[in-house]
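K.L.:
The listed protein sequences derive, respectively, from chains A and B. Per our numbering, the first sequence starts with residue 204, numbered consecutively. Per our numbering, the second sequence starts with residue 204, numbered consecutively.
Honestly, the hints are just simulated from the structure, not real lab data.
One copy or any two copies: either way a pair holds, since identical chains are not told apart in the list.
Once the Cα atoms are required to be at most 27 Å apart in a straight line, the calculated DSS-like pairs of lysine-lysine come out as:
#1 LYS316 / LYS524
#2 LYS225 / LYS477
#3 LYS504 / LYS225
#4 LYS477 / LYS442
#5 LYS317 / LYS446
#6 LYS524 / LYS477
#7 LYS326 / LYS343
#8 LYS326 / LYS442
#9 LYS326 / LYS477
#10 LYS477 / LYS498
#11 LYS477 / LYS317
Computed from a predicted structure; not experimentally measured.
Now for the letters of each chain:
Protein chains: 2
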Amino acid sequence: MKDAAMYIPTYSDVEAAHERIKPYIRHTPVRTSDYLNELTGAELFFKCENFQEPGAFKVRGASNAVFGLDEAQAAKGVATHSSGNHASCLSYAAMLRGIPCNVVMPHTAPQAKKDTVRRYGGKITECEPSTTSREETFAKVQEQTGGDFVHPYNDPRVIAGQGTCAKELMEQTGGLDIVVAPIGGGGMISGTCLTLSNIAPRTQIIAAEPEQADDAYRSFKAGHIIADDAPETIADGLKVPLKDLTWHFVSNHVSDILTASEDEIIEAMKITWKHLRIVAEASSSVPLATILKNKDAFAGKRVGVIITGGNVDLDLLPWLK
Amino acid sequence: MKDAAMYIPTYSDVEAAHERIKPYIRHTPVRTSDYLNELTGAELFFKCENFQEPGAFKVRGASNAVFGLDEAQAAKGVATHSSGNHASCLSYAAMLRGIPCNVVMPHTAPQAKKDTVRRYGGKITECEPSTTSREETFAKVQEQTGGDFVHPYNDPRVIAGQGTCAKELMEQTGGLDIVVAPIGGGGMISGTCLTLSNIAPRTQIIAAEPEQADDAYRSFKAGHIIADDAPETIADGLKVPLKDLTWHFVSNHVSDILTASEDEIIEAMKITWKHLRIVAEASSSVPLATILKNKDAFAGKRVGVIITGGNVDLDLLPWLK
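Bound-form chain A, shown alone:
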């Protein structure tokens, strides 16, 4: 699938993805809160992707890749490198199809992440926590298994899959002025851009990013990709850089990128838990943090917010540190 990375997905790919993955994903609900509407002055619609079975929107793109494989490739399975939600979601989708999933992960990854991948039948090959080791190890695994590489975000199948989330959100709300989603590598934002630029071109798309990992913000201002080396943030799903395909969507369709500090993210996370009564990751709380910080930009608007995931270590809550 090497050439596939150069293909820019279209909205008909999103529609095809939706039909393909519907049996395997949850049609997640939209939560609202009068209290949060009063607090922000906006009308907020939270799309609960934390309610996907493996706890993250990434099951959409992963399922689209897995269930789109022909039988010959499916027999060899899929492979990826990730220590986050993509690894568990790809393992989950592969388990549903009954095909192998190989994951390269640094040996330093949290035990809970490894346990989840294995629970879904994923096979882990550990590497050193460096890019060189990861690439070498992954090349070896792929050569041995012939598994199809499903990149966590820089893959048209993945982006088309993530685009199904904004499609559902627009159907469920009947229209929005703004959609805000977190940005890390840009998979969710790219899928959102792909969908909204086609079905709701007047809806603004705002990306939300941690100040401490603001490479997308700086890329957006500079007009070219700036990649940081290992930024540190509580929003651990958002540390990765943009790639060519996601940069295409970000640079063409995103209206603005807003950032929030670590304290603002943690406060928004606690507010989300307290008033929406859902368990959402720190990464998922960056959008609300930016809305609370920039109330004037959102006041009076109908605003969709994508709660991207809910895999949290309940013994290590950031506001209790």
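Use these hints to put chain B onto chain A, whose structure you have.
P.N.:
Positioned in the frame of chain A, the structure of chain B alone reads:
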């Protein structure tokens, strides 16, 4: 409304309640989890009453009482004694109708509970933390205000309102073998009995109770109400005793009462947060605790579980103590 306490509500009261309160409550979603189904061997359907705006099912009964008042009584408002979800839900419903709500609460009640009641416009009169002081203070408040007494559970309007939850759950799931709900004073269980005995008489109703506050269990076995004095449990919504009206439903329609230890409740609470990714109170976790403890009784069955509320102090999580 003193005589109202003697009236046993019927299913048409539930239907009337549902029509009356629909504009003021959330039609809460039902959550499922493949993981929890595998863990228990049952097919579980969790009705998320924690997603009501004030965070608890009690907004159903409170709204039914508040919006059922005639104009003359409405002008005088409502009154209750409660330091829990009933106080905030009654204040919330009164705020929506724009009428006064007076709440008698011990001065020892948590500040957060007082803040919530006041946020919804409820007026708090503090008493000493004793039954005598509470009754004296409440009599005085009621005499001064003429507010209609809405008991937290021993009130036919409240029970009919709570019965709308099981009605929705049956509509959403298309039928269940068993419904499990926590039991404290018995308002939710009574509403569930009222609804299911009419629309699904073959569905078993199981009440779940903390071992350390097992007065309903002992009442059920003894055949008459046994009331404890101030039991201690992490499930703080379930400390209150049965009363005549709720005893009527419990003694006639409940199939069994199962209990769980404090540790089992806390473990079930953590599992709920981790795998359903919702914020649920300890009281709401007693049903899952009893299901995990009595797997054989539930295996292979379609089981509804009512997540009664989600008002939790996020700084004091029981598994971190």
